[in-house]
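Residue numbers (numbering that gives the first Met the number 0), protein chains in the order written: chain U, 0 to 300; chain C, 0 to 159.
Since the hints were derived computationally from the structure, they do not count as laboratory data. It is possible that some hints are incorrect.
What the hints assert, rightly or not - Computed footprint of chain C on chain U; a stretch qualifies when at least three of its residues, placed anywhere within it, have a C-beta under 8 Å from a C-beta of chain C:
1) 27-41
2) 111-122
3) 161-169
Stated by the list, open to error - Partial selection, computed: residues in chain U whose CB lies under 8 Å from chain C:
4) Gln16
5) Ala20
6) Leu45
7) Arg46
8) Val49
9) Leu50
10) Val54
11) Met56
12) Gln57
13) Leu60
14) Glu156
15) Arg191
16) Phe194
Note that beta-carbon positions come from the ideal geometry of N, C-alpha and C, so glycine has one too.
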Amino acid sequence: MSAYHMGEGLKPAGHRQTITALVIVGVALVALLAPPAQQQRLASLLRNSVLRPFVTMQEGLAAARLHSISTKEFQARLDATVSALANYRTLAEENRRLRQLLALAVRLDTAYLPASVLRPGTAGSESMFLLDVGSDQGISVNAPVIASEGLIGVVREVGAGMSIGMDWTHPDFRASAMTVDGEIYGFVRVERGLFREGDRLLLDGVPFYNSLEPGMAVVTSGLGGVFPRGIAIGTVDQLAAETVSWLRSYWLRPAVLPGTATHVLVAVGSISERPTDLTEAMGDSTMRRNGPGDSLEGPGS
Amino acid sequence: MSKAWRVSIVVVGLAVLHFLLHVGFGLGDVAPDLLTVALLVGVREVDVGWGAGIGLVLGLLEDAFAALAFGASTVAMTIVGAAGARTRDLFVGDSLTFLASYLFVGKWLRDLVYWIAVGEGLRQPFVESMLIGSGLAAAYATVVGVVAIAISGSWWETVR
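One chain only, chain U, in its complex shape (with noise of 0.2 Å):
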């Protein structure tokens, strides 16, 4: 082996060459910049041509894992969902007559579809998933994307078969959030680690008067139009900060771990299909007592 040692440095020809490098490296800077649409468009050209055959493959690993499953925890599954069925009818039932006696309208039911989460796993797709679904299944941009235990994230972008969706751990995530009584409304994002294993839930905005307990539950207060009322985030872990007089933030435990969730139910349909914001749902007499963005149901019902 030999010692290395400096060369000549440039020769006249290369002059050529480098010029040809700050051009190319020019171009990647217009990549960098060029609007979202246009960079939506390639990396979905991209993803659906010569990277097509390894999100197939993880799509076939993924439908694997998912048909290894043993029959009795699907039983299970089935039973713990036939239990709740069981209840949710008698609840239906009493909800319907006390809309009726509060002249509220009928509230719509959201649509979901079911799908599986992909991981790319390569650089700058932290916080970022593929879904099996697209618009071809009726998935629009910002459908939520919840996993049985509660909200993962929102779509970012959709193509023919396939999304891209963004967990909570992303820095641009929001949602409009509320403990499970209707009682204090804020909104959660997520509060950078110094590591991502860091990162953090945050219920930000809480009015200073009011004081939530550890294990309080948190969910989607429906406010702002892209998660629907009553899906849950997360529970109170304890206080993070408090502006003085002003308002407090809390940590939360979020009730889903993005990435242990495999697979997960996707709202159908565009955000105006979707019932959000339950005061559109109800009765003159009733916006008029509470003023828009109040509702008198509880989550869930």
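With chain U held as given, fit chain C onto it using these hints.
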């Protein structure tokens, strides 16, 4: 088989293996950054313009899954590709020390440019991200890269 062909096959093989491990098996950070290793190995055999071009293509492939940081990997890989190709005009050597240093610095530089290009909202703190996280990732890529190069027999001795 000529050396150029052998290196080309190694580069394509490493790139395919990278996407197989990261996307196909969904291993994420558990798998090393073989795409940067492929780039660093390949650009030692080409001129600066070609180096930047290879970096551009590999960076675009990496960015296909980066919905909110599109272009950051492209810029990083393009600059590292050009810089890697330029090193053969400055340093000539095939010692293990050189190879390991080249792969380590190349991978760390790629992460540094990426960290700068990705934007303030998405980046982690510098010390934790670049000095600890990227240091470990660069060491991991170096070890795997040296092994891959040794196995494939694409150990270079670039003298022009």
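Handout entry: Violated hints, by number in ascending order, as checked against the structure
Key = none
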